[in-house]
Amino acid sequence: MPGSNLNLKVKIAGLELRNPLIVASGTFGWGEVFEKVQGFDNNMLGAIVLKGTTLQPRKGNPVPRLVETPSGIINSIGLENPGVDAVIRDHLPGLTRCRAKVIANVAGSTVEEYAEVAARFDKADRIDAVEINISCPNVKEGGALFGASVEMADEVISAVRERTRKPIIAKLSPNVTAITEIADACVRAGADALSLINTVQAMAIDVRTRRPVLGNNIGGLSGPAIKPIALLKVHQTYRHLRQMGLEVPIIGIGGIACARDAMEFILAGATAFQVGTALFVNPMVCSEILDGLRVLMREMGENDINSLVGALKSNGGE
Amino acid sequence: MSIIVDELAIVESSECVAEGHRRIRFRSPRIARRAAPGQFVNIRCGGQTLLRRPFSFSRVVGGSFEVLVRVIGEGTRRLAERKPGDQVWALGPLGHGFEIVRGTRCAVMVGGGCGIGPMEILGEALRRKRIETIALFGCQNRRTLPISPADFERRGIATQVAVMEGRGGHRGPVTDLLEECLASGENPDGAVLYACGPWGMLKKTAEIAARRGARCQVLLEEMMGCGLGACMSCACETVLPGGGVANKKVCTDGPMFWADQVNWNARK
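Residue numbers (my numbering), protein chains in the order written: chain X, 7 to 324; chain Y, 3 to 270.
It cannot be assumed that every hint is accurate.
[What the hints assert, rightly or not] Under the rule of at most 20 Å between Cα atoms (straight-line distance), these lysine to aspartate or glutamate pairs were calculated in the DMTMM-like manner:
id, chain 1, residue 1, chain 2, residue 2
1, X, K65, Y, E239
2, X, K65, X, D91
3, X, K107, X, E157
4, X, K15, X, D134
5, X, K146, X, D160
6, X, K42, Y, D255
7, X, K107, X, D160
8, Y, K250, X, D96
9, X, K65, Y, E9
10, X, K129, X, D198
11, X, K146, X, E157
12, X, K42, Y, E239
13, Y, K250, X, E38
14, X, K65, Y, D178
15, Y, K250, X, D198
16, X, K107, X, D131
17, X, K15, X, D212
18, X, K107, X, D96
19, X, K107, X, E22
20, X, K15, X, E187
21, X, K107, X, D128
22, X, K146, X, E119
23, X, K129, X, E118
[What the hints assert, rightly or not] Simulated DEER-style distance windows between Cβ atoms:
id, chain 1, residue 1, chain 2, residue 2, range
24, X, A92, Y, I5, 22 to 30 Å
25, X, D96, Y, G170, 51 to 59 Å
26, Y, G49, X, I211, 19 to 27 Å
27, X, R214, Y, E21, 14 to 22 Å
28, Y, R269, X, G322, 33 to 41 Å
29, Y, G87, X, N312, 42 to 50 Å
30, X, V301, Y, G87, 26 to 34 Å
31, X, K17, Y, R130, 30 to 38 Å
32, Y, V103, X, P68, 58 to 66 Å
33, Y, N143, X, E294, 44 to 52 Å
34, X, M290, Y, R269, 32 to 40 Å
35, X, E118, Y, G48, 46 to 54 Å
36, X, E41, Y, S15, 49 to 57 Å
These are computed hints drawn from the structure, not numbers from a lab. The beta carbon of each residue, even a glycine, is placed where N, CA and C say it ideally should be.
Work out the full structure: start from the sequences and follow the hints.
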């Protein structure tokens with residue numbers, strides 16, 4: 007059987023994933039959408055991250071919520087979701103038999119909100135871990151991003167840590183001066199893993215109407231255009247944490263569309279990776295990446311994916 | 003929702019049917035055999051594009067489907083350049099299409115611009131059920147009309163055309179024809195309207211339908227991401243029966259919506 011001696015299993019904060027492929031928050035609904043496509047099987051995935059969830063239901067932003075840009079898309083959905091109680095009641099039962107790990111994504115406007123949502127997911131058996139989306143604006147600090155300051159990131163992760171025993175993954179924003187400092191703060195506050203990067207702040211303008219294209223004016227850029235940026239951030243964070251003796255698994259996110267892309271992130275220091283935008287282009291990209299990883303590993307002469315994590319060689323300098 | 007398939011569709015023919023409009027036929031048995039009026043297909047256009055582009059089914063012939071493409075940007079331009087034998091990835095059929103309501107005695111199809119596309123497959127379905135059908139089509143001018151009224155007349159569908167400029171039809175918006183049609187009483191009670199076209203046309207159609215007490219289905223479009231219901235890009239504000247509003251997804255709850263459910267004030 008081809009690939010039977012290859013190990014793709016990875017461990018994130020005590021959770022064993024059958025493989026390092028995770029589908030990104032906001033691109034997969036509640037796990038019920040892509041299974042409608044013939045040939046797609048949720049069980050082949052390492053993990054699923056659910057749509058960002060807040061305490062109360064959120065209506066989201068006015069349309070247009072999406073615009074294509076060269077090699078990317080800018081989205082400003084606005085965290086439309088039915089609220090944590092409805093998610094647990096209505097969407098988790100459908101995932102009972104799912105063999106992939108299920109990770110909730112937590113969002114909020116205040117520290118208290120993050121903590122409360124995390125606490126409710128803590129009680130939900132189906133949830134294996136919580137990913138904390140700290141790219142949200144803090145309404146108590148004039149809309150500054152939680153993930154843009156060491157103090158706020160520390161506050162949020164600490165508050166969440168007190169309310170759940172489940173693995174905490176801090177999802178980092180690239181829209182900061184020094185992502186390594188935020189990474190540092192999150193790990194010290196109790197995060198068991200980090201996922202990066204979230205989308206890059208961006209905008210598009212309609213020349214004919216002289217207005218921003220998006221209903222919300224600005225949004226987050228994702229897709230192949232951000233891959234080089236994300237790759238660097240993953241690598242910088244990986245090296246920084248090692249230097250500080252704060253190693254935790256890193257989940258790489260940003261424009262991954264094929265096995266080679268994923269391998270770049272693994273070599274840079276990612277234990278696992280997320281795929282998001284690529285799903286919109288090709289619903290079968292997940293199985294293609296997994297098949298491609300096996301082929302690549304054989305070409306590279308490696309039979310355990312874990313031996314490739316952070317195996318980037320140095321060119322010197324820097 | 004029925005099974006969705008991602009299939010390599012083969013271009014069988016591509017013809018220019020009007021200024022800036024092409025009719026493209028794709029051999030794609032697994033999609034064609036499931037395609038219903040009002041549903042759409044998401045096609046990878048290649049080149050500099052990333053996301054797929056959605057196109058309503060215009061016609062289904064055996065194991066092939068046809069779409070009407072209005073060339074307006076990079077994706078449609080690339081698609082318009084495809085030659086017979088070329089292959090493109092097609093995902094479909096997608097969406098909740100038109101409903102042919104039991105007991106419908108008369109159907110009035112209102113199409114504007116490339117919104118006329120879905121009217122062929124719909125007209126065929128209505129005629130198969132022996133429902134009296136009238137087609138009202140609006141376009142900028144006769145050169146941009148993407149179908150031939152004779153094709154519809156041949157199926158027993160009385161067809162009228164409205165043009166915004168030039169000759170070859172009623173001068174004015176297609177909704178003028180609709181107003182006349184419903185006022186003249188030529189249609190018996192129980193007429194159902196099916197509309198597809200620009201937002202302004204749909205909004206006016208919905209207003210006329212409400213005033214005349216006619217049930218009306220509209221086919222909406224909105225900027226889409228996944229086309230499957232995962233990303234929530236294509237939100238449409240709808241009015242709930244008990245009051246209040248809720249967002250629906252144009253790609254899965256729609257593209258067909260009953261006109262009296264849509265919040266027509268949600269955008270300009």
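Exercise. Could you check the structure against the hints above and give me the numbers of any it violates, in ascending order?
Key: 3, 7, 9, 12, 14, 15, 17, 20, 28, 31, 32, 36
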